[in-house]
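The sequence shown runs 3 to 103 under my numbering.
If you are wondering where the hints come from, they were derived from the structure by calculation, not from laboratory data.
Think of the CB as a built atom: it goes at the ideal place given N, C-alpha and C, for glycine as much as any other residue.
Ranges of calculated distance between the beta carbons of each label pair, as one might list FRET restraints:
id	residue 1	residue 2	range
1	I54	S79	17 to 23 Å
2	S68	I15	35 to 41 Å
3	K101	Q29	17 to 23 Å
4	L24	S66	45 to 51 Å
5	V61	A81	15 to 21 Å
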Amino acid sequence: MLIMLVVVVSLAIYAKVTVQKLQNEYQDDERWLQIKLMAGNATKRYFEYILILVALIQVVLLFSNSLVMVRLDRVASVALLLIIFGHVVEYLVIIHFDKHM
Numbered sequence: 003m004l005i006m007l008v009v010v011v012s013l014a015i016y017a018k019v020t021v022q023k024l025q026n027e028y029q030d031d032e033r034w035l036q037i038k039l040m041a042g043n044a045t046k047r048y049f050e051y052i053l054i055l056v057a058l059i060q061v062v063l064l065f066s067n068s069l070v071m072v073r074l075d076r077v078a079s080v081a082l083l084l085i086i087f088g089h090v091v092e093y094l095v096i097i098h099f100d101k102h103m
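Kindly produce the complete structure, drawing on both the sequences and the hints.
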């Protein structure tokens, strides 16, 4: 789990630095603002899908007869990874729209 955390944090830092370089390069022109808007919408959808997945897992665990024990630190680590990975998703969407617009 620690290796995954290091990899995802490294990817997120790289993504933020690269997006900052692109923002400085484009100087907030209209195209860049449109790309950022679409990337924000895609990131919002990513988090919505994560919440739906968590809700579905909760419903399945609520109505199943088996007892599932999950450590709280493991749940917190996975949640942290998913939140940090949102920055990577935003970066990937920005790169995609930057090439195709």
